[in-house]
Amino acid sequence: MASWQKAFGNEFSRPIGENETFIKLIGDSGHSLGREHWAINVAVALTLKGQLASEFPSQLRKAWGHLRFQHPSIATYPKGGDLAYNIPSSADLGEWIGHTFRVDDDAESASQVIRNAKPNPSAALTFVTKSGELLGNTAHWRTDGIGFPMLLDALLKLVVKVDLGDPASLSWGEEIGRLAPSIEGAAGIPEHPNEEQKALGQSCLATFGLVEGAVGIPFTSATTPGGTLSARMKFSKLLTRRIVDAKKELQISVTSAVHASVAFANWKLADQNRKTQHYTSTVRFNMRSYLPEPFSGPKYASGLYTSGWMEKVESTDTWEKIASHYNAIYQKGISKKYLEAHREYAKGLGDMLRNLPRDLPQASDVDISSIGIVENLMKRSHGSDSWGIDVTDMSLAVNILTPQAVFFVWTFQDQLNLNVAYNEAYHSEAQMQGFPNLVKSILLDNFQLKES
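Just so it is clear: in the sequence shown, position 175 is 175 by full-length UniProt numbering, and no numbers are missing.
These aren't lab readings, by the way, just hints derived from the structure by calculation.
A couple of the hints might just be wrong.
Simulated pairs of lysine to aspartate or glutamate, EDC-like, Cα-Cα distance not exceeding 16 Å [stated by the list, open to error]: (1) K450 x E175; (2) K248 x E320; (3) K379 x D393; (4) K275 x E314; (5) K379 x D390; (6) K6 x D245; (7) K347 x E175; (8) K234 x D414; (9) K268 x D367; (10) K321 x E311; (11) K234 x D385; (12) K299 x E175; (13) K440 x D317; (14) K49 x E375; (15) K379 x D163; (16) K62 x E191; (17) K62 x E95; (18) K237 x D92; (19) K268 x D317; (20) K62 x D92; (21) K6 x E175; (22) K157 x D390; (23) K332 x E311; (24) K198 x D351; (25) K299 x D163; (26) K130 x E108; (27) K198 x E340; (28) K440 x E451; (29) K157 x E375; (30) K49 x E451; (31) K247 x E320.
Each pair of labels, with its calculated beta carbon distance range [said to hold, decoys possible]: (32) S203 x S54: 53 to 61 Å; (33) R178 x R354: 29 to 37 Å; (34) V244 x N194: 41 to 49 Å; (35) D106 x S171: 14 to 22 Å.
Remember, predicted model here, so these are calculated numbers, not experimental data.
All residues carry an ideal CB built from backbone N, CA and C; glycine is no exception.
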């Protein structure tokens with residue numbers, strides 16, 4: 001396992017992992033445009049209680065410095081083929097906080113900040129005062145959609161500490177022991193795979209061939225991507241509860257049901273000549289539950305520990321058959337053999353991205369990613385009535401620079417949430433606002449439910 005080593009002075013480094021390399025290649029594809037493809041954005045709406053309301057910006061600034069001490073990987077940066085980290089002096093820390101934390105008094109919402117977000121050399125935090133939202137942003141190779149909510153939860157725990165001190169007074173240097181390893185390091189994946197692991201890695205890689213000839217939704221040709229927008233829908237608590245009851249009768253998960261509904265929405269919106277094409281999408285897994293302690297929990301929230309492969313379903317299949325198919329995959333999870341072959345698989349993905357044909361048609365499907373129950377990652381409230389925070393909402397999306405969109409699903413405060421992130425240069429607001437509505441309609445029809 002490649003661990004963090006002292007390079008020189010206050011700099012520590014380790015080789016970037018194969019999975020991190022794959023995701024970094026995707027993100028870097030936007031750098032020529034001054035953007036970061038697939039950068040993760042997590043926004044939480046906050047109600048501030050008691051005296052904290054008047055002191056929140058200054059307390060948040062201190063807490064952000066403390067979070068770096070707890071989770072130093074939020075401040076790592078690429079250097080050649082390595083990831084690097086510098087133990088900060090007091091001046092360095094102040095400069096880092098100044099560059100990565102800001103209070104935005106102009107934006108109307110976090111969505112407005114996300115729309116034209118630029119790449120950050122580190123994870124970044126913005127407090128949007130008009131909407132009371134806290135927005136975290138980072139390149140995807142630093143963490144994932146499971147890890148980032150856990151990081152914000154750790155941040156809010158720090159904010160509600162009444163006696164939170166100056167982060168410059170912390171014992172800087174100790175944090176080196178908390179720098180996150182790559183998934184290959186955390187899982188102890190062999191550096192040199194055997195023949196069985198090579199074969200399994202290559203079979204996973206081959207699933208990306210299923211993208212060829214897959215269905216997509218109409219899009220406008222554009223030479224330059226625009227901003228990232230989202231279209232979101234939140235179900236009522238009553239309707240969410242009825243969906244949970246209905247999925248139990250069909251013995252499928254909510255994620256599987258939504259995944260099948262997203263597939264049908266892609267077919268429904270496709271041009272007539274594409275409606276019979278198969279639908280290819282990603283089945284994603286949080287690998288933390290397969291890792292040993294302490295990498296399986298929030299202590300290493302700032303690591304990229306997710307994976308997945310491509311899966312196809314046919315337009316001639318029924319909704320129930322497709323939902324059951326996805327459910328079997330999600331229920332089975334990933335095997336120890338899959339984990340052991342992951343280095344070979346991720347290495348192949350990186351090689352694939354480096355050698356893509358220039359004339360490859362642009363994918364325009366809507367893919368899917370499930371976050372699950374947010375309360376498993378983030379508490380609804382912190383502190384007390386005299387000095388505390390209630391988290392009243394959470395949303396998650398990634399920056400999108402292509403015609404392909406990503407559909408996110410999660411449950412928070414007993415309400416099912418659907419959110420599709422897309423690029424405004426390729427899709428109209430009317431088209432994409434209709435997508436969650438269509439998914440909802442397909443979901444309810446197949447559960448034989450009505451909204452009222």
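We went through each hint and held it up to the structure:
| no. | hint | verdict |
| --- | --- | --- |
| 1 | K450 x E175 | violated (53 Å) |
| 2 | K248 x E320 | holds (13 Å) |
| 3 | K379 x D393 | holds (11 Å) |
| 4 | K275 x E314 | holds (10 Å) |
| 5 | K379 x D390 | holds (9 Å) |
| 6 | K6 x D245 | violated (54 Å) |
| 7 | K347 x E175 | violated (29 Å) |
| 8 | K234 x D414 | holds (10 Å) |
| 9 | K268 x D367 | holds (15 Å) |
| 10 | K321 x E311 | holds (14 Å) |
| 11 | K234 x D385 | violated (27 Å) |
| 12 | K299 x E175 | holds (12 Å) |
| 13 | K440 x D317 | violated (19 Å) |
| 14 | K49 x E375 | violated (20 Å) |
| 15 | K379 x D163 | violated (21 Å) |
| 16 | K62 x E191 | violated (40 Å) |
| 17 | K62 x E95 | holds (13 Å) |
| 18 | K237 x D92 | violated (47 Å) |
| 19 | K268 x D317 | holds (14 Å) |
| 20 | K62 x D92 | holds (14 Å) |
| 21 | K6 x E175 | holds (13 Å) |
| 22 | K157 x D390 | holds (11 Å) |
| 23 | K332 x E311 | holds (14 Å) |
| 24 | K198 x D351 | holds (14 Å) |
| 25 | K299 x D163 | violated (22 Å) |
| 26 | K130 x E108 | holds (6 Å) |
| 27 | K198 x E340 | holds (10 Å) |
| 28 | K440 x E451 | holds (10 Å) |
| 29 | K157 x E375 | holds (14 Å) |
| 30 | K49 x E451 | violated (34 Å) |
| 31 | K247 x E320 | holds (11 Å) |
| 32 | S203 x S54: 53 to 61 Å | holds (58 Å) |
| 33 | R178 x R354: 29 to 37 Å | holds (32 Å) |
| 34 | V244 x N194: 41 to 49 Å | holds (43 Å) |
| 35 | D106 x S171: 14 to 22 Å | violated (37 Å) |
Against the hints set out earlier in the document, violations occur for numbers 1, 6, 7, 11, 13, 14, 15, 16, 18, 25, 30, 35.
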